[in-house]
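Got chain A; can you put chains B and C on it based on the hints?
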Amino acid sequence: MPLLFPLVVSALLFAIGVYGVLARRNAILVLMGVELMLNAVNLNLLAFDAWHRDTLHSGQILALFTITIAAAEIGLGLAIVLLLFRTRRQINLDAVRELADREDTDREDAEVRR
Amino acid sequence: MNLYVPILVLLLLGGGFAVVSAVAGSLMGPKRWNRAKVDSYECGIEPTPQPAGGGRFPVKYYITAMLFIIFDIEIIFLFPWAVAFDQMALFGLVEMVLFIVTVFVAYAYVWRRGGLEWD
Amino acid sequence: MTSILLAQEFKSPTIEYAKVAPLLIVFGVAIVSVIAEAFLPRRFRYPTQVVLSLGSLAAALVVTVGLAGSKLLAAEGAIAIDGFTLFLWGTILVMSIISVLLLAERAVDGGVTAFAAQAAALPGTEAEREAQARRLEQTEVFPLFLFAVGGMLLFPAANDLLTMFVALEVLSLPLYLLCGLARRRRLLSQEAAMKYFLLGAFASAFFLYGMAMLYGFAGTISFSGIAAAIGAKTGVDGLLLAGTALVAVGLLFKIGAAPFHMWTPDVYQGAPTAITAFMAACTKIAAFGALLRLFYVALGAARWDWQPMIWVVAILTLGVGSVLALTQSDIKRMLAYSSIAHAGFLLIGFVGVRDHISANTSAILFYLAAYGFATIGAFAVVTLVRDASGEATHLSRWVGLGKRSPIVASVMALFLLAFAGIPLTSGFMGKWAVFSAAWQGGAWPLVVIGVVASVVAAFFYVRVIVLMFFSEPAAEGPTVAVPSVFTSVAVAVGVAATVVLGLMPEPLLQLAARAAQLVG
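These protein sequence lines are chains A, B and C, in that order.
Going by the working numbering, the first sequence opens with residue 1, and the numbers climb by one from there.
Going by the working numbering, the second sequence opens with residue 1001, and the numbers climb by one from there.
Going by the working numbering, the third sequence opens with residue 2001, and the numbers climb by one from there.
For reference, chain A alone in the conformation it holds in the complex (with noise of 0.2 angstroms):
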């Protein structure tokens, strides 16, 4: 199989993630995209490593290892939306924005808000 196969479908995947980063609004189908980059990535990894046919498999080891730090994140990811869900009632980005540049008097309004 060539190389090119599995590096075409692991860039589209990283761009549908990035796509999903970018577009989605709900944090949880954020982290979704985030994983997927991360996955895509794997499978660039261990493309590569057939491809050089590395005896020290350096790229399934980083493919072990990313997977186990993608796991470590997305804990630690949903438990931040969690605590941000159970504070606000919802989990739309847009909605959270109260450090940001703006104008004085907006920022008192969001104190006062608050």
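Read the hints as simulated data drawn from the structure, not as lab findings.
Just so we're clear, the structure is a prediction, and the values are computed from it rather than from any experiment.
Ideal placement from N, C-alpha and C gives every residue a C-beta, glycine not left out.
Worth double-checking, as some hints may not be accurate.
The list that follows gives simulated cross-link-like pairs (lysine to any residue, SDA-like), each with its CA atoms no further than 20 angstroms apart [as the list claims (entries may be wrong)]:
| id | chain 1 | residue 1 | chain 2 | residue 2 |
| --- | --- | --- | --- | --- |
| 1 | C | Lys2011 | B | Met1088 |
| 2 | B | Lys1060 | B | Ile1070 |
| 3 | B | Lys1060 | A | Phe85 |
| 4 | B | Lys1060 | A | Asp94 |
| 5 | C | Lys2233 | A | Asp54 |
| 6 | C | Lys2011 | B | Asp1086 |
| 7 | C | Lys2019 | B | Glu1095 |
| 8 | B | Lys1060 | A | Leu56 |
| 9 | B | Lys1060 | C | Ala2120 |
| 10 | B | Lys1060 | C | Ala2119 |
| 11 | C | Lys2011 | A | Phe85 |
| 12 | C | Lys2019 | C | Arg2045 |
| 13 | C | Lys2011 | B | Val1094 |
| 14 | C | Lys2011 | B | Ala1082 |
| 15 | B | Lys1060 | A | Ile28 |
| 16 | C | Lys2403 | B | Glu1095 |
| 17 | C | Lys2011 | B | Pro1080 |
| 18 | C | Lys2011 | B | Ile1070 |
| 19 | C | Lys2011 | A | Leu76 |
| 20 | C | Lys2011 | B | Ala1089 |
| 21 | C | Lys2011 | B | Leu1093 |
Here are some, though not all, of the chain B residues that point toward chain C, as calculated from beta-carbon distances under 8 angstroms [said to hold, decoys possible]:
| id | residue |
| --- | --- |
| 22 | Ala1089 |
| 23 | Ala1108 |
| 24 | Tyr1109 |
| 25 | Arg1112 |
Beyond 10 angstroms from chain A on every Cβ pair, some chain B residues (computed) [stated by the list, open to error]:
| id | residue |
| --- | --- |
| 26 | Gly1014 |
| 27 | Ser1040 |
| 28 | Ile1100 |
For chains B and C alone, kept in the frame of chain A given last:
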């Protein structure tokens, strides 16, 4: 092609076993329905009441699921050791014991903080 | 087939435990402190954690100093122990010790730390009020902090892509959580944590993709192997270019360089101020160390490919940092933009390479140390200016602070002058070192832009000083809390370092010059 024959055989065996046992069970088994049997199945525990309209899962599921995933995934690091433990000899053993002890520290923390209690 | 290969070639790796002892100490004690957190009764936790954190960091510092002169690749080439690593370890450990003092401060907020009483209790609920009434404290902050420090130590020492990625995540993940644990203004704090997490995870995915590209290009993950592959290549290689660009995105994000700086002001403002101080100093030091090692050691031969990109990033960063800082009305946001501008100055030192990288490396090392001390000190001062709702960070609240509390205002003014790069402060020596290295490297247009940016930047630092000293204080202004010995020591160290490095920079400059050799 020959390489794939064992996989195909295994697939057929596995699928066949599932189909045969499901069909045989429904044909031959006694049928005594009660309320618990038609209820949704949740790993052997009392099913959680679902609010109307789909609703949300209680947060308890989330915590348990996350703990499971994290501990489950860590075991990935045992895999290379399992493949080559005989050559890694004492070094591999010591490293793995250290690794598992570290994971157990996290486990102990979760346990002491009540992360494992369902209610 | 592969298993047969394995059987033939396996040999136990050697790990130079004595040489990586600082890492082992910090990580080991971090684990011990998780155990302490799990099994000690609540009232013993705070003192135990403080002692464990301070003790481990001090021990690691002593060991690091003892390692001086080492130059080797430890752990089968995964970790480079050289002058560069040891200098950065020393700097990070000293700054971490100061940060622990800030974390442990209890006097300014009525006898409790600045962290959430109970992170799981929702803001504004009965559970939270009860937790506060019982004077609970979330002492998990300390183990998380130690893990982050461990990751920061590993990050600039990493000598292959795998170690670097693991270090990046080990330093980032605890920081995401720490950002969300403020006692006051918890909604802002949680928002900061979420923004930092999502953007950080996004950036590290790019970093990882870049790593995969570099691995595909070189067929190995070790930096020396990548350097050898670059030396052997002919013509343009798409994988190398794409990989370089993508890993740069990940690292520049951590540094807070434009256009990857968006998270910085929001996170710096929302995070607990002690954590902001720690992040602003130590994350930047660690990430710059990693950037230098990766780009000089592994990608050094491809310099002509990445240098134009860094030029653009440096100019953008300087512009964004200096101009947007002018419009800020919150002291923490202003300091955040100032830290972006400083990343720009550091990048100027990073690109001005012609034939020898040691001048650049030593200039950056000195700048990082000078900047780190002043930053932690400045944020420490911010924790002291308070009103009923916590820290008074809005600049309008700082009006006339010089009349109310001349000492605190003068200390802050000193740090601001150092940031502005006024002579006789550490900031001036840092800028001087970086600019002259870049000038010698032939990057004179960047130096000119850097000088212009520092003039613009000086304006907003001076604006704060004018605000503090030459305006009448408001009637119901904030009060200046009297800190315990912890914060006092932290501020005092910052002041001392800023003054000493400004007046007598020679010893540290020489140390940095000697430390500027990278192995590999």
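Hint check:
1. Lys2011(C) x Met1088(B): holds (7 angstroms)
2. Lys1060(B) x Ile1070(B): holds (16 angstroms)
3. Lys1060(B) x Phe85(A): Roughly 15 angstroms separates the two Cα atoms, so the pair holds.
4. Lys1060(B) x Asp94(A): violated (27 angstroms)
5. Lys2233(C) x Asp54(A): holds (19 angstroms)
6. Lys2011(C) x Asp1086(B): With Cα atoms ~11 angstroms apart, lysine 2011(C) and aspartate 1086(B) stay inside 20 angstroms; holds.
7. Lys2019(C) x Glu1095(B): It holds: about 18 angstroms lies between the C-alpha atoms, which stays within 20 angstroms.
8. Lys1060(B) x Leu56(A): violated (42 angstroms)
9. Lys1060(B) x Ala2120(C): The hint holds at about 13 angstroms.
10. Lys1060(B) x Ala2119(C): The hint holds at about 17 angstroms.
11. Lys2011(C) x Phe85(A): Violated, at roughly 50 angstroms.
12. Lys2019(C) x Arg2045(C): Given pair lysine 2019(C), arginine 2045(C) is violated - Cα atoms ~31 angstroms apart, limit 20 angstroms.
13. Lys2011(C) x Val1094(B): With a Cα-Cα distance of about 15 angstroms, the restraint between lysine 2011(C) and valine 1094(B) holds, given a limit of 20 angstroms.
14. Lys2011(C) x Ala1082(B): holds (16 angstroms)
15. Lys1060(B) x Ile28(A): This hinted pair holds, its Cα atoms lying about 17 angstroms apart.
16. Lys2403(C) x Glu1095(B): violated (61 angstroms)
17. Lys2011(C) x Pro1080(B): holds (14 angstroms)
18. Lys2011(C) x Ile1070(B): violated (30 angstroms)
19. Lys2011(C) x Leu76(A): violated (36 angstroms)
20. Lys2011(C) x Ala1089(B): holds (10 angstroms)
21. Lys2011(C) x Leu1093(B): Cα-Cα ~14 angstroms, so holds.
22. Ala1089: holds (7 angstroms)
23. Ala1108: holds (5 angstroms)
24. Tyr1109: holds (4 angstroms)
25. Arg1112: With a minimum Cβ separation of about 4 angstroms from chain C (threshold 8 angstroms), the hint on arginine 1112(B) holds.
26. Gly1014: holds (25 angstroms)
27. Ser1040: holds (23 angstroms)
28. Ile1100: holds (14 angstroms)
Hint check: violations occur at hints 4, 8, 11, 12, 16, 18, 19; the rest are consistent with the structure.
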